[in-house]
Amino acid sequence: MIATDSKVLLSLRGVKAFYGNIAALKGVDLDIREGEIAALIGSNGAGKSTLMMTIFGDPRAREGVISFDGRDITSMPTHAIARLGLAQSPEGRRIFPRMTVFENLQIGAAIGDPRYFDASLERVYAIFPRLKERSGQSGGALSGGEQQMLAIARALMNRPRLLMLDEPSLGLAPLVVKQIFEAIADLNRREGLTVFLVEQNAYHALKLADRAYVMVNGLITLSGPGRDLLAMPEIRAAYLEGGR
Amino acid sequence: MSKRCEPPATFAPAPEASPLRDRLRSALIGAAKAAGVALGLAFPLLAYRTETDFSNALVLQERWAAVAAIALAAFVVRLICLLIPGRTKAASSPRRRRAEFAAIVARSRRLISAAGLASLIAFPLVVLVLLGPARSLKWIDSYGIQILIYMTLGWGLNIVVGLAGLLDLGYVAFYAVGAYSYALLSTNFGWSFWASLPIAGLLAALWGVALGFPVLRLRGDYLAIVTLAFGEIIRIVLTNWTDLTNGEAGVSSIPRVSFFGLPFIAGPEGFAAHFGLAYSPIYRVIFLFYLALALALLTNFVTLRLRRMPLGRAWEALREDEIACRSLGINTVAVKLAAFALGALVGGLAGAVFAARQGFVSPSSFTFIESATILAIVVLGGAGSQLGVALAALFIIGGSELLRELDWLQHIVGEGFDPTQYRMLIIGFALIVIMNWKPRGLIANRTPSVFLAEPRLAAPALAEEGRV
Numbered sequence: 001m002i003a004t005d006s007k008v009l010l011s012l013r014g015v016k017a018f019y020g021n022i023a024a025l026k027g028v029d030l031d032i033r034e035g036e037i038a039a040l041i042g043s044n045g046a047g048k049s050t051l052m053m054t055i056f057g058d059p060r061a062r063e064g065v066i067s068f069d070g071r072d073i074t075s076m077p078t079h080a081i082a083r084l085g086l087a088q089s090p091e092g093r094r095i096f097p098r099m100t101v102f103e104n105l106q107i108g109a110a111i112g113d114p115r116y117f118d119a120s121l122e123r124v125y126a127i128f129p130r131l132k133e134r135s136g137q138s139g140g141a142l143s144g145g146e147q148q149m150l151a152i153a154r155a156l157m158n159r160p161r162l163l164m165l166d167e168p169s170l171g172l173a174p175l176v177v178k179q180i181f182e183a184i185a186d187l188n189r190r191e192g193l194t195v196f197l198v199e200q201n202a203y204h205a206l207k208l209a210d211r212a213y214v215m216v217n218g219l220i221t222l223s224g225p226g227r228d229l230l231a232m233p234e235i236r237a238a239y240l241e242g243g244r
Numbered sequence: 001m002s003k004r005c006e007p008p009a010t011f012a013p014a015p016e017a018s019p020l021r022d023r024l025r026s027a028l029i030g031a032a033k034a035a036g037v038a039l040g041l042a043f044p045l046l047a048y049r050t051e052t053d054f055s056n057a058l059v060l061q062e063r064w065a066a067v068a069a070i071a072l073a074a075f076v077v078r079l080i081c082l083l084i085p086g087r088t089k090a091a092s093s094p095r096r097r098r099a100e101f102a103a104i105v106a107r108s109r110r111l112i113s114a115a116g117l118a119s120l121i122a123f124p125l126v127v128l129v130l131l132g133p134a135r136s137l138k139w140i141d142s143y144g145i146q147i148l149i150y151m152t153l154g155w156g157l158n159i160v161v162g163l164a165g166l167l168d169l170g171y172v173a174f175y176a177v178g179a180y181s182y183a184l185l186s187t188n189f190g191w192s193f194w195a196s197l198p199i200a201g202l203l204a205a206l207w208g209v210a211l212g213f214p215v216l217r218l219r220g221d222y223l224a225i226v227t228l229a230f231g232e233i234i235r236i237v238l239t240n241w242t243d244l245t246n247g248e249a250g251v252s253s254i255p256r257v258s259f260f261g262l263p264f265i266a267g268p269e270g271f272a273a274h275f276g277l278a279y280s281p282i283y284r285v286i287f288l289f290y291l292a293l294a295l296a297l298l299t300n301f302v303t304l305r306l307r308r309m310p311l312g313r314a315w316e317a318l319r320e321d322e323i324a325c326r327s328l329g330i331n332t333v334a335v336k337l338a339a340f341a342l343g344a345l346v347g348g349l350a351g352a353v354f355a356a357r358q359g360f361v362s363p364s365s366f367t368f369i370e371s372a373t374i375l376a377i378v379v380l381g382g383a384g385s386q387l388g389v390a391l392a393a394l395f396i397i398g399g400s401e402l403l404r405e406l407d408w409l410q411h412i413v414g415e416g417f418d419p420t421q422y423r424m425l426i427i428g429f430a431l432i433v434i435m436n437w438k439p440r441g442l443i444a445n446r447t448p449s450v451f452l453a454e455p456r457l458a459a460p461a462l463a464e465e466g467r468v
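Same order as they appear, the protein sequences are chains D and G.
If you read the first sequence in my numbering, its first letter stands for residue 1, the second for the next number, and so on.
If you read the second sequence in my numbering, its first letter stands for residue 1, the second for the next number, and so on.
One should not assume that every hint holds.
[To be verified] Some chain D residues near chain G, calculated using beta-carbon distances under 10 Å:
| # | residue |
| --- | --- |
| 1 | Gly57 |
| 2 | Pro77 |
| 3 | His79 |
| 4 | Ile81 |
| 5 | Ala87 |
| 6 | Gln88 |
| 7 | Arg93 |
| 8 | Pro97 |
| 9 | Asn104 |
| 10 | Gln106 |
| 11 | Ala110 |
| 12 | Ile111 |
| 13 | Ala155 |
| 14 | Met157 |
| 15 | Arg161 |
Calculated from the structure, these hints are not laboratory results.
Yeah, the Cβ is synthetic: ideal placement off N, Cα and C, and Gly gets one too.
The following block holds chain D by itself, in its conformation from the complex (with noise of 0.2 Å):
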């Protein structure tokens, strides 16, 4: 793999996170790097979600550091890490559904420098044309797709240096997850954009990661290139056959 010996852009070590007293991250080691594709697979529940959110700081880390491109960015406000390059897709795409979908990618570009915004606005449309046919409609009247599409969109419309994804396939057609992986692989090929994708769909996650992290209870049990992973036979049993 080419990415292994590119800088580390995001590192976690030792992070634990607390919904109360309950502990959902129990001390989380993980490495993204520069120029590519991670991936975290896990069951329902195991904490990916509340991962995605901590590296956000919501809930923030009690213990552990969370550093961006060399910098700490444990204790920032949400809006502060977002402001260094980081974007998400959160989980349940939470797009804004009464705004257009131009008004939905306009929000998405509000940090970012204004003179890049047609350019930002064009490169989205031409990933998503979808989109463009449906600037003018409201955010809620999108299909699940489509909307799964904005929320890429709009977090592109930044700029941003790593892409992070909450479950994307969560909802669709198979043909619609097919549609978006491509997608992503192409930004990642063609941009060189790092991703971080959260997913229950392993299969395609897997197959499309330069490196995956299972957790399993808010601990990374096993981790890896994806396709090493794909091959072994806990995964298949746990993730793959099971969940079919």
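Go by the hints and put chain G onto chain D.
Just chain G now, kept in the frame of chain D:
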């Protein structure tokens, strides 16, 4: 969300819309039938009434006027029901009809706004010409100025509730801060209205930020409770800090507003004498009307501009999804505080105008019912819609003032009946009916702040109705 029962979409080919004449005829017949039924019902119920007279003898009182009124009302209401297109037999499905309606509203919105503005500007002059100075005073003051003040308050609260989605039940606090700022500055230090106005606004904005900080993490019900408490705290402080505010007795003899330094008084220094006019209080009231109008329009203009700017769009995004906003790098703290501060600023300015209009302020003007009324204006108008809020202010404030003048009902119902007692009941009932008819307010469909080539209204209009 509970929806009204809609008639099922017709599967058979829809009947052709009948020509106007036929429809009018059938509507008249239907209305006549309704009037007949009403007459039949009203005759035994209303026509005669037994009363004991002075000599304790039972006399029969005839009340034909009431019977006639009921029958006439039934006729008119039924006629209107039958004549409203689409109510009789829908040629198109309800979904389509709603989308068409939304498109019509959107197209005519500009026209309605322009007509509304023109009639607001012309209002005091037209009333003056029609009724003369003495009788027009009431119309310009208790209708015109009062509606404009509430319209301003509605637009101010609309920033907080309609745009940013922060439910504020204590908005009257800022209104009170503005009113007392002018009252105290002018009576204690002799400040003029114009010098006090910005101070009143700034002080209110400061209190807006002061309220904003502790409630940053609250949403929905919790936010509502804290803002409610805040409104009450301000009122109770105003009541009990007697050294400063004179307590329940209030601050009186607040100087009236002057025409850029020219006072509206009788005598050689007054406004009227300066312009060679005969003295009349009407000039002051008309000037105050235009002042309130200017303030309202300024609020509207600023809000409309802000909606197109990043801050306004961030407010709307905040209303939709706070977590998504934060993860897109929007500083939700700053955005929320800006909403509170700006809303409060508008409330404070309106408060100063209120104090100038009344010449007297006391804590009893700033009770919870005021907050509730302003919130009702915002919700009834359709949270976020500027035109809707204006219409709702006209309806609620104008309506409740009009209901003070129902003396003629006494001739129909009887001498012992005091119609003004039923004012709030009628307003409340009307609100229930309207909110059932239009659950998202009078003007519910949000206009996108940016149009591309052609606004496509059908889909957003459906999404507005809660079908998303």
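Evaluation of the provided hints:
1. Gly57: For Gly57 of chain D, the interface hint holds, since the closest Cβ of chain G sits about 9 Å away, which is under 10 Å.
2. Pro77: holds, 8 Å
3. His79: holds, 5 Å
4. Ile81: Ile81 of chain D check passes; min Cβ-Cβ to chain G is 8 Å, inside 10 Å.
5. Ala87: holds, 8 Å
6. Gln88: holds, 5 Å
7. Arg93: Holds. Min distance 9 Å.
8. Pro97: holds, 5 Å
9. Asn104: holds, 8 Å
10. Gln106: This interface hint holds because 6 Å falls under the 10 Å limit.
11. Ala110: holds, 6 Å
12. Ile111: Check passed: Cβ of Ile111 of chain D comes within 4 Å of chain G, closer than 10 Å.
13. Ala155: holds, 8 Å
14. Met157: Nearest chain G Cβ about 8 Å off; hint holds.
15. Arg161: violated, 13 Å
Violated hint: 15 only; the structure is consistent with all others.
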